[in-house]
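J.: Sequence:
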Amino acid sequence: MTPAIPTIKMEKTDAVIIGGGPAGSIVASTLAKKGFEIILLEKRPQIGVPVRCGEATGSREEISRFIPIDETWILADINAARLIAPGGRIVEKHLPSVGVVLDRSRFDQALAGQAANSGADVRVHTEAVGLLRGKNCVEGVLARDHRTGKTYELNAKVTIGADGIEGFIGRWAGITRHLKLSAIHSAIQYLIEDDGLPRDTIELYAGRKIAPGGYAWVFPKQKGFANVGLGVDPTMIEENTAKDFLDRFVEQHFPNAKIHATVAGGTSGTKPLKTMVGNGVLLVGEAAHQNNPLSGGGIMNALEGAEEASKVLTEALTTGDVSCRFLEQYDSRWKNRVGHAITKFALLRKLIYRLEDHELDNIAAVLDGISRNGEDKPIDYAEIFKTAVKTAPGLIWKAKNLLW
Numbered sequence: 001m002t003p004a005i006p007t008i009k010m011e012k013t014d015a016v017i018i019g020g021g022p023a024g025s026i027v028a029s030t031l032a033k034k035g036f037e038i039i040l041l042e043k044r045p046q047i048g049v050p051v052r053c054g055e056a057t058g059s060r061e062e063i064s065r066f067i068p069i070d071e072t073w074i075l076a077d078i079n080a081a082r083l084i085a086p087g088g089r090i091v092e093k094h095l096p097s098v099g100v101v102l103d104r105s106r107f108d109q110a111l112a113g114q115a116a117n118s119g120a121d122v123r124v125h126t127e128a129v130g131l132l133r134g135k136n137c138v139e140g141v142l143a144r145d146h147r148t149g150k151t152y153e154l155n156a157k158v159t160i161g162a163d164g165i166e167g168f169i170g171r172w173a174g175i176t177r178h179l180k181l182s183a184i185h186s187a188i189q190y191l192i193e194d195d196g197l198p199r200d201t202i203e204l205y206a207g208r209k210i211a212p213g214g215y216a217w218v219f220p221k222q223k224g225f226a227n228v229g230l231g232v233d234p235t236m237i238e239e240n241t242a243k244d245f246l247d248r249f250v251e252q253h254f255p256n257a258k259i260h261a262t263v264a265g266g267t268s269g270t271k272p273l274k275t276m277v278g279n280g281v282l283l284v285g286e287a288a289h290q291n292n293p294l295s296g297g298g299i300m301n302a303l304e305g306a307e308e309a310s311k312v313l314t315e316a317l318t319t320g321d322v323s324c325r326f327l328e329q330y331d332s333r334w335k336n337r338v339g340h341a342i343t344k345f346a347l348l349r350k351l352i353y354r355l356e357d358h359e360l361d362n363i364a365a366v367l368d369g370i371s372r373n374g375e376d377k378p379i380d381y382a383e384i385f386k387t388a389v390k391t392a393p394g395l396i397w398k399a400k401n402l403l404w
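Mapping to the working numbering: the sequence shown position 69 is 69, numbers consecutive.
In case anyone wonders, no lab produced these hints; they're calculated from the structure.
Don't take each hint at face value.
Unchecked claim - In the DSS-like style, the derived pairs of lysine-lysine whose C-alpha atoms are separated by at most 30 Å in a straight line are:
{"no.": "1", "residue 1": "Lys221", "residue 2": "Lys43"}
{"no.": "2", "residue 1": "Lys335", "residue 2": "Lys180"}
{"no.": "3", "residue 1": "Lys258", "residue 2": "Lys223"}
{"no.": "4", "residue 1": "Lys274", "residue 2": "Lys221"}
{"no.": "5", "residue 1": "Lys221", "residue 2": "Lys258"}
{"no.": "6", "residue 1": "Lys274", "residue 2": "Lys344"}
{"no.": "7", "residue 1": "Lys209", "residue 2": "Lys12"}
{"no.": "8", "residue 1": "Lys43", "residue 2": "Lys9"}
{"no.": "9", "residue 1": "Lys243", "residue 2": "Lys43"}
{"no.": "10", "residue 1": "Lys271", "residue 2": "Lys350"}
{"no.": "11", "residue 1": "Lys135", "residue 2": "Lys34"}
{"no.": "12", "residue 1": "Lys223", "residue 2": "Lys271"}
{"no.": "13", "residue 1": "Lys223", "residue 2": "Lys33"}
{"no.": "14", "residue 1": "Lys12", "residue 2": "Lys33"}
{"no.": "15", "residue 1": "Lys9", "residue 2": "Lys209"}
{"no.": "16", "residue 1": "Lys180", "residue 2": "Lys258"}
{"no.": "17", "residue 1": "Lys271", "residue 2": "Lys209"}
{"no.": "18", "residue 1": "Lys34", "residue 2": "Lys209"}
{"no.": "19", "residue 1": "Lys209", "residue 2": "Lys243"}
{"no.": "20", "residue 1": "Lys180", "residue 2": "Lys350"}
{"no.": "21", "residue 1": "Lys150", "residue 2": "Lys209"}
{"no.": "22", "residue 1": "Lys243", "residue 2": "Lys223"}
{"no.": "23", "residue 1": "Lys135", "residue 2": "Lys12"}
{"no.": "24", "residue 1": "Lys243", "residue 2": "Lys271"}
{"no.": "25", "residue 1": "Lys274", "residue 2": "Lys243"}
{"no.": "26", "residue 1": "Lys344", "residue 2": "Lys209"}
{"no.": "27", "residue 1": "Lys209", "residue 2": "Lys43"}
{"no.": "28", "residue 1": "Lys335", "residue 2": "Lys350"}
{"no.": "29", "residue 1": "Lys274", "residue 2": "Lys43"}
{"no.": "30", "residue 1": "Lys180", "residue 2": "Lys209"}
{"no.": "31", "residue 1": "Lys221", "residue 2": "Lys209"}
{"no.": "32", "residue 1": "Lys180", "residue 2": "Lys33"}
{"no.": "33", "residue 1": "Lys335", "residue 2": "Lys311"}
{"no.": "34", "residue 1": "Lys243", "residue 2": "Lys221"}
{"no.": "35", "residue 1": "Lys135", "residue 2": "Lys9"}
{"no.": "36", "residue 1": "Lys223", "residue 2": "Lys350"}
{"no.": "37", "residue 1": "Lys12", "residue 2": "Lys150"}
{"no.": "38", "residue 1": "Lys135", "residue 2": "Lys311"}
{"no.": "39", "residue 1": "Lys344", "residue 2": "Lys43"}
{"no.": "40", "residue 1": "Lys258", "residue 2": "Lys274"}
Bear in mind that the values here come from a model prediction, so they are computed numbers and not experimental data.
Could you put the whole structure together from the sequences, leaning on the hints where they help?
T.: Next up, the structure:
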């Protein structure tokens with residue numbers, strides 16, 4: 001008797017989105033509002049958990065373009081930034097309403113809820129385990145429901161990879177490759193409680209003894225609480241780990257602090273991808289290297305990337321043309337909006353995080369002078385560069401050696 005061959009369930013949809021972070025949820029809600037059938041897959045049991053983020057991002061005004069502000073996920077308003085150089089010089093810039101610190105899990109859940117309310121089918125516990133391929137085109141994903149253990153096909157006109165730095169959609173589609181170790185910052189963060197924390201000011205600490213190839217941060221949350229963390233370049237440390245550097249930093253600056261939680265992860269520090277699309281497939285958010293390579297931040301860039309992707313995807317699904325040639329409009333739109341700036345930040349990262357501490361002190365002195373002369377004015381990076389070169393002309397030669 002011939003054994004029965006198990007059948008695999010198949011579903012059809014206009015678009016399948018892999019990843020329930022900010023980028024994936026914005027694409028899902030935008031396309032669903034246009035009347036398209038959208039399925040959003042999130043492999044974890046709950047959207048927004050665990051948090052792997054410093055949680056500081058853009059202003060209320062910027063965020064409100066994507067979702068109505070809800071005070072339950074705003075933990076602090078940021079009105080100033082303080083840079084502490086290796087030698088101890090403090091450079092402070094007053095920047096009214098420049099940003100906020102989020103409750104990231106609630107924020108992500110609100111974005112996913114907005115997508116669901118717009119008509120998207122949001123599925124947690126569900127992971128993409130492979131691509132469905134047609135003739136020279138991605139035609140959806142093979143999905144696995146971790147609650148039932150069942151695998152099924154999701155046939156889609158277009159597949160969107162919003163699965164983060166660790167995502168597989170881009171690799172499976174041949175758009176991305178494994179990142180080099182030098183392109184990833186190892187980051188770790190504590191949620192601490194302490195009486196001496198800032199209220200509406202973020203603090204950034206630079207220096208090789210503090211965070212080789214990166215920086216340390218203090219992002220205030222509710223009164224008496226803050227995210228304190230740092231990112232390091234793994235190629236610039238030997239025996240110590242990122243945790244060793246953070247423990248030393250907390251002991252030095254907040255010796256009486258109580259640690260409530262720990263999060264760790266990585267963020268890419270590369271320039272933008274040459275392309276973020278293929279036939280029937282598109283990447284967005286950190287999966288598309290859209291985060292700021294200098295700061296590691298990615299929330300606002302993810303939202304803006306999702307907005308540009310949604311415009312092109314709407315037209316692609318309306319016309320039925322999901323070819324690479326058509327989707328490449330997204331590449332050019334993104335580069336013109338943010339991508340060119342990211343390229344510059346990637347070059348700056350290679351330079352700044354390789355500077356010696358005394359060189360960082362010289363730059364801090366320049367920044368301090370500029371800050372005092374224009375307290376509330378936007379930062380003029382061209383002026384900073386010109387003044388820095390006058391102060392430390394050797395930076396030009398270092399830049400040449402590091403960047404070319």
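J.: Against this structure, judge whether each hint is valid.
T.: Checked hints:
1. Lys221 with Lys43: holds (28 Å)
2. Lys335 with Lys180: holds (23 Å)
3. Lys258 with Lys223: Given pair Lys258, Lys223 holds - Cα atoms ~14 Å apart, limit 30 Å.
4. Lys274 with Lys221: Violated, at about 37 Å.
5. Lys221 with Lys258: With Cα atoms ~14 Å apart, Lys221 and Lys258 stay inside 30 Å; holds.
6. Lys274 with Lys344: Within the cut-off at roughly 15 Å; holds.
7. Lys209 with Lys12: violated (54 Å)
8. Lys43 with Lys9: holds (19 Å)
9. Lys243 with Lys43: holds (27 Å)
10. Lys271 with Lys350: Answer holds: Lys271 to Lys350 is near 11 Å, not above 30 Å.
11. Lys135 with Lys34: holds (28 Å)
12. Lys223 with Lys271: Violated, at roughly 37 Å.
13. Lys223 with Lys33: Given pair Lys223, Lys33 is violated - Cα atoms ~38 Å apart, limit 30 Å.
14. Lys12 with Lys33: The hint holds at about 18 Å.
15. Lys9 with Lys209: violated (56 Å)
16. Lys180 with Lys258: This hinted pair is violated, its Cα atoms lying about 35 Å apart.
17. Lys271 with Lys209: holds (26 Å)
18. Lys34 with Lys209: Distance ~52 Å between Lys34 and Lys209 Cα, so the pair is violated.
19. Lys209 with Lys243: Given that 30 Å is the threshold and the Cα spacing comes to 13 Å, the pair holds.
20. Lys180 with Lys350: OK: Lys180 and Lys350 at ~14 Å, within 30 Å.
21. Lys150 with Lys209: violated (50 Å)
22. Lys243 with Lys223: holds (25 Å)
23. Lys135 with Lys12: Measuring from Cα to Cα gives roughly 18 Å; hence the hint holds.
24. Lys243 with Lys271: holds (27 Å)
25. Lys274 with Lys243: violated (34 Å)
26. Lys344 with Lys209: With Cα atoms ~26 Å apart, Lys344 and Lys209 stay inside 30 Å; holds.
27. Lys209 with Lys43: Since the Cα atoms of Lys209 and Lys43 sit roughly 38 Å apart, the hinted pair is violated (cutoff 30 Å).
28. Lys335 with Lys350: holds (20 Å)
29. Lys274 with Lys43: Roughly 28 Å separates the two Cα atoms, so the pair holds.
30. Lys180 with Lys209: Cα-Cα ~24 Å, so holds.
31. Lys221 with Lys209: holds (26 Å)
32. Lys180 with Lys33: Given pair Lys180, Lys33 is violated - Cα atoms ~39 Å apart, limit 30 Å.
33. Lys335 with Lys311: Given that 30 Å is the threshold and the Cα spacing comes to 15 Å, the pair holds.
34. Lys243 with Lys221: Measuring from Cα to Cα gives roughly 21 Å; hence the hint holds.
35. Lys135 with Lys9: Answer holds: Lys135 to Lys9 is near 21 Å, not above 30 Å.
36. Lys223 with Lys350: Cα-Cα ~36 Å, so violated.
37. Lys12 with Lys150: At roughly 17 Å apart (the allowed maximum being 30 Å), Lys150 and Lys12 satisfy the hint.
38. Lys135 with Lys311: This hinted pair holds, its Cα atoms lying about 26 Å apart.
39. Lys344 with Lys43: Violated: Lys344 and Lys43 sit about 34 Å apart, past 30 Å.
40. Lys258 with Lys274: Violated: Lys258 and Lys274 sit about 45 Å apart, past 30 Å.
Consistency with the previously given hints fails for numbers 4, 7, 12, 13, 15, 16, 18, 21, 25, 27, 32, 36, 39 and 40, ordered from lowest to highest.
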